[in-house]
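Student: Construct all of the structure, not just a fragment, from the sequences and the given hints.
2 protein chains.
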Amino acid sequence: MKPRISLITLAVADLERSLVFYRDGLGLPTDGIVGREFEHGAVAFFDLAGGLKLALWAQDNLAHDTGLEKQPISSTAFALAHNVEHRQEVGAIMAAAERAGAAIVKAAQDTFYGGYAGYFKDPDGHLWEIAWNPHMLPG
Amino acid sequence: MKPRISLITLAVADLERSLVFYRDGLGLPTDGIVGREFEHGAVAFFDLAGGLKLALWAQDNLAHDTGLEKQPISSTAFALAHNVEHRQEVGAIMAAAERAGAAIVKAAQDTFYGGYAGYFKDPDGHLWEIAWNPHMLPG
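Line by line, the protein sequences are chains A and B.
All residue numbers in the first sequence are consecutive under this note's numbering, ending with 142.
All residue numbers in the second sequence are consecutive under this note's numbering, ending with 142.
These are calculated hints, taken from the structure and not from any lab test.
Be aware that one or more of the hints could be misleading.
Since copy identity is lost for identical chains, a pair holds within one copy or between any two.
[To be verified] Here are the computed lysine-lysine pairs in the DSS-like style, where the Cα-Cα straight-line distance is at most 25 Å:
| no. | residue 1 | residue 2 |
| --- | --- | --- |
| 1 | K73 | K5 |
| 2 | K124 | K5 |
| 3 | K124 | K73 |
| 4 | K124 | K56 |
| 5 | K5 | K56 |
| 6 | K73 | K56 |
| 7 | K109 | K124 |
| 8 | K109 | K73 |
| 9 | K5 | K109 |
Tutor: Here it is as structure tokens:
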């Protein structure tokens, strides 16, 4: 297949709560919850750089749509990394996330690869890394 | 923060097995495993459209780096969607994933929003959707 991820869907327990976290807390752009006309369709999309979209969808609906049983969110299953251009941006974003209700997993600090990064968890436990990586600066 | 995800890291049990799945099975471009000079650094990166990168990293190393305890992968925690331009591409990619060892979660079929899509799980249980969505065609 072509090397492309179009959409990252995060399964959430409470769509309104997660919308507030990502829209108001992290400042990501969205038209809010759409798709309510479908029984299992209510979703919030966020337009990200490069044409990528982030979606928030109730875990109940993801389980329904896939036919899979719900399993607890694992905070060590994956991480979404937001890389920044300048080292000093890391602390500011970590602080904003904490104010928005994120759980700080690891305060910003030097990394083994020569960068500077911190981790937090969103309200459902999904893991984010905010990183200044001199080998992987944003384009 | 700016609306950007730089890197999606998938935690895996067996880095070599996952490399083979994504590189040889799905055909994603990579330089293979790098970072072996760091005790917890061995990682495989894949360059995707729009500047996004996918990374495979041992779950043990993600747990070590975050200080979190390992928790089982949940197949209903998130989904990565690969959208295609033409409906008939869905079946071909699902078949390639199955040949590569993916577990088919839901065979390709019409979706509630007027598209056509299927789901599979990678060797660790990470969920992928291959979708033709007339409202969200690849750019």
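Student: Does each hint hold? Answer for all of them.
Tutor: We went through each hint and held it up to the structure:
no., hint, verdict
1, K73 x K5, "neither (30 Å within a copy, 31 Å between copies)"
2, K124 x K5, "between (30 Å within a copy, 18 Å between copies)"
3, K124 x K73, "both (19 Å within a copy, 15 Å between copies)"
4, K124 x K56, "both (19 Å within a copy, 20 Å between copies)"
5, K5 x K56, "both (17 Å within a copy, 13 Å between copies)"
6, K73 x K56, "within (23 Å within a copy, 28 Å between copies)"
7, K109 x K124, "within (10 Å within a copy, 29 Å between copies)"
8, K109 x K73, "between (28 Å within a copy, 15 Å between copies)"
9, K5 x K109, "between (35 Å within a copy, 21 Å between copies)"
The structure fails to meet hint 1 from the earlier list, while all remaining hints are met.
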